[in-house]
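Asker: One-letter residues, chain by chain:
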Amino acid sequence: MTSLYEEIADGPGEGVPVRRVMITVNGERRTADVEPRLLLAHLLRQGLKLTGTHTGCDTSNCGACTVLFDGKPIKSCTMLAAQADGHEVTTIEGLASASELHPIQEGFKDEHGLQCGFCTPGMMLAAKALLDENPDPDEDEVRWALSGNLCRCTGYQNIVKSVLWAAKKMHADTPADGN
Amino acid sequence: MYPSRFRYEAPATIEEVIDLLHDGGGEAKVLAGGQSLIPLMKLRFAAPELVVDINRLAGLDYHRVDPDGSIHVGALCRHADLERSVLLSSKQPTMAEAAPLIADPIVRTRGTLVGSLCHADPQGDWAAVVTALGGYVVAQGRDGRRTIPVDEFVSGPFQNVLAYDEIVVEAVIPPPTGTVAGGYLKLERRVGDFATAGSAVALELSGDVVLRAGIALTGVGASTINATNSAAVLTGRALTSEVIGEAADLAAVAAQPKSDHRGSAEYKRHLVRTFVERILTRVTETQQRAA
Ligand SMILES: Cc1cc2nc3c(=O)[nH]c(=O)nc-3n(C[C@H](O)[C@H](O)[C@H](O)COP(=O)(O)OP(=O)(O)OC[C@H]3O[C@@H](n4cnc5c(N)ncnc54)[C@H](O)[C@@H]3O)c2cc1C
Ligand code: FES
Ligand code: FES
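Protein chains in written order, with the working numbering: chain A, 8 to 186; chain B, 3 to 293.
If you are wondering where the hints come from, they were derived from the structure by calculation, not from laboratory data.
Yeah, the Cβ is synthetic: ideal placement off N, Cα and C, and Gly gets one too.
EDC-like cross-link-like pairs, simulated, lysine to aspartate or glutamate; straight-line CA separation at most 16 Å:
hint, chain 1, residue 1, chain 2, residue 2
1, A, K168, A, D147
2, A, K79, A, E140
3, B, K93, B, D68
4, A, K79, B, E85
5, B, K44, A, D65
6, A, K175, A, E148
On the chain A side, residues computed to face chain B include the following (Cβ under 10 Å):
hint, residue
7, D65
8, T66
9, M86
10, A136
11, E140
12, L157
Hey, can you work out the whole structure from these sequences and the hints?
Answerer: The following block contains the structure:
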């Protein structure tokens, strides 16, 4: 893959070696040549064209850029792309399989968990990290897990309902006999 | 925003980290959780020439209790590890109560206790907690290791006493004598905001008599405040409501808050007083229930 500095208009630095990184993104191995200062969020968006990862602030506050890093939620604007070398990253594009929505996505659809949608990818990945760790959260636990993700539209009520809906649905989809 | 240019190294051994810092001659920065350093670099408040990422060092992500009762937190132990720690929830109430109050859940995935101590933000919660507990850091440089008590380690706002080619390998809480009690209370305007004010209280008790007390304050001074006078009135005494009131008053006196968008100086002093009183009262309630 080519190196990328579209947003960083001054191009790759002279004298600063570009590093080749190999990252498993949504199950696929990707390689990229990155300048050390390239943020993971920028690599995902500009380099890999995975524009589902949003960036909503310059201060590491909003959580719109949340992705899963080795299964755990991180702010991709607050990690260098170079740090992801050898690791696994899941973005919102990796949540659904080709034809089916993930139950979390269904939940957001069913319970009107989004309005403008800007915060939604980050919300869904933070929710996924929660449900992976705790498949049966109560409302407080959902609020707690999503407390690093800001939404300027919904007032959060329906986001919380969406995640609880997804938890229920995922239970129903997992029969006790393990089939 | 994106950082200005820098060279990046991610070595596999502490010795290499120290050599790189040494060669960097003061223009190099250690990168741990990155949750303070990267935001500063994005805003270009920090512009190191060399970033030495320590995340590839093996065996530093631990936190453990040694047989002597001391607690050790490695340089790559994340806030989230401490938040989920069964060990802390059974052995160290002040740390256990603080861990979920640091930043937000996503920042806690990456940020480290040791990084937070090194960053020395007057608003940083861990510095107050570790100060109240009488903890120290273990620093490693070219000449080996040395220990530095946390209240000497932090030398001012965003300043610590490390040499440019030293790194902190772990933070240590010394073994307690007696029963451990205490807590951490913090007011934040919303999740992820820094403390309007915070109070850390750490006690060691024999029956209902206090053997050792530590009280430290977050966000009410140019750096973490070690409220030694407040702690001193507790030592050797039982936690009567009078003694608790005295300690709470002295903690409020030790605070040096400034009025800002988070609240007036007077309000912050009131918070400090209330938090110390609440934590100590809670300890006596637990004692009464146990009796
Ligand atoms: C949105 C947001 C909200 C936050 N809210 C809070 C809060 O409420 N309370 C709070 O206490 N903190 C808060 N923080 C800060 C957070 O806790 C950081 O994780 C912490 O301050 C720094 O730890 P780190 O591991 O991320 O360090 P880094 O960012 O990697 O490093 C910070 C500094 O310490 C140095 N350093 C790090 N590790 C070492 C080491 N082992 N040896 C020598 N030097 C080292 C670095 O060179 C750098 O100068 C917040 C951060 C964000 C982004
Ligand atoms: S873009 Fe706002 S936290 Fe990353
Ligand atoms: S739906 Fe618009 S920010 Fe959340």
